[in-house]
Amino acid sequence: MALTAPTHHISAQKGDFAKTVLMPGDPLRAQFIAENFLENVRQINAIRCMYAYTGDYHGKPVSVMAGGIGVPSTGAHAYELYNLYDVETIIRVGTAGGMAPQLNVGDIVLAMGACYQTTWPQQYALPGTYSAIADYSLLRATTDKADELGISYYVGNVLSSDIFYPEEIYDTMKFLKMGVLGVEMESAVLYMLAARHNKRALSILTVSNHLVSGVEASAEDRQTAFVDMMRLALEVA
Numbered sequence: 001m002a003l004t005a006p007t008h009h010i011s012a013q014k015g016d017f018a019k020t021v022l023m024p025g026d027p028l029r030a031q032f033i034a035e036n037f038l039e040n041v042r043q044i045n046a047i048r049c050m051y052a053y054t055g056d057y058h059g060k061p062v063s064v065m066a067g068g069i070g071v072p073s074t075g076a077h078a079y080e081l082y083n084l085y086d087v088e089t090i091i092r093v094g095t096a097g098g099m100a101p102q103l104n105v106g107d108i109v110l111a112m113g114a115c116y117q118t119t120w121p122q123q124y125a126l127p128g129t130y131s132a133i134a135d136y137s138l139l140r141a142t143t144d145k146a147d148e149l150g151i152s153y154y155v156g157n158v159l160s161s162d163i164f165y166p167e168e169i170y171d172t173m174k175f176l177k178m179g180v181l182g183v184e185m186e187s188a189v190l191y192m193l194a195a196r197h198n199k200r201a202l203s204i205l206t207v208s209n210h211l212v213s214g215v216e217a218s219a220e221d222r223q224t225a226f227v228d229m230m231r232l233a234l235e236v237a
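In terms of my numbering, the sequence shown has 65 at position 65, counting the first letter as 1, and numbering is strictly consecutive.
Calculated from the structure, these hints are not laboratory results. If you're wondering where the values come from, they're calculated on a predicted model, not measured in any experiment. Each hint should be verified, as a subset may be incorrect.
Claimed, not checked - Listed next, the in silico SDA-like pairs over lysine to any residue satisfying Cα-Cα at most 25 Å (straight line): (1) Lys145 - Val236; (2) Lys14 - Asn83; (3) Lys19 - Gly75; (4) Lys19 - Asp228; (5) Lys177 - Ile163; (6) Lys174 - Gln122; (7) Lys145 - Phe37; (8) Lys14 - Leu84; (9) Lys174 - Phe164; (10) Lys14 - Pro72; (11) Lys60 - Ala5; (12) Lys177 - Thr119; (13) Lys60 - Glu88.
Please take these sequences and the hints and turn them into a complete structure.
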């Protein structure tokens with residue numbers, strides 16, 4: 001079946017998206033970025049409240065679109081953006097649960113790689129285990145820009161899990177001994193799709209809660225307070 005735009009998930013027309021799309025999970029974070037950072041903004045999608053906007057950031061066209069929670073939602077939207085809307089780069093601006101002891105709520109993590117607990121890669125029938133990694137040029141540009149802006153960050157591995165409420169939290173924490181910094185739900189699928197379709201992807205994450213200390217940000221902070229992550233993504237978009 002040949003797919004064309006608009007789709008069941010995105011009502012935008014061909015050409016409505018910029019080449020780079022920032023993708024938070026939360027639709028209200030997408031709205032916040034559009035209203036507070038972009039000029040000449042127009043809304044281009046609202047299907048299932050996955051708000052999408054295109055505007056200008058310092059004169060450069062940038063889009064922002066919510067991807068939802070987890071692999072299926074992010075995977076569907078990212079696939080369509082890459083393949084039907086000619087998007088070249090997706091930068092995830094999301095949250096993660098911290099596991100590493102050096103992390104605090106509000107810290108930024110650049111996901112160099114993403115371990116995964118998902119069946120998504122089975123469709124590719126690979127004769128082994130795939131390593132989901134970020135685009136190096138995008139990662140390098142982001143670390144350079146963060147240094148320039150004086151924004152502190154950590155670079156390392158994260159875990160992308162299908163399970164938000166694991167039966168045994170200790171199973172998730174086992175990844176800590178392998179140097180994994182935190183857990184979230186979307187980076188691995190984004191990296192796999194980018195690799196499969198010869199595109200670029202990077203996850204810039206803010207620690208919203210810590211699995212060991214129990215400290216967590218409020219729902220409002222998750223939507224609006226993590227501005228360093230948003231600004232950093234826009235600067236490299």
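Outcome of the hint check:
no. : hint            : result
1   : Lys145 - Val236 : holds, 7 Å
2   : Lys14 - Asn83   : holds, 11 Å
3   : Lys19 - Gly75   : holds, 18 Å
4   : Lys19 - Asp228  : holds, 22 Å
5   : Lys177 - Ile163 : holds, 20 Å
6   : Lys174 - Gln122 : holds, 23 Å
7   : Lys145 - Phe37  : holds, 17 Å
8   : Lys14 - Leu84   : holds, 8 Å
9   : Lys174 - Phe164 : holds, 16 Å
10  : Lys14 - Pro72   : holds, 23 Å
11  : Lys60 - Ala5    : holds, 24 Å
12  : Lys177 - Thr119 : holds, 23 Å
13  : Lys60 - Glu88   : holds, 15 Å
Consistency with the previously given hints is maintained throughout, with no hint failing.
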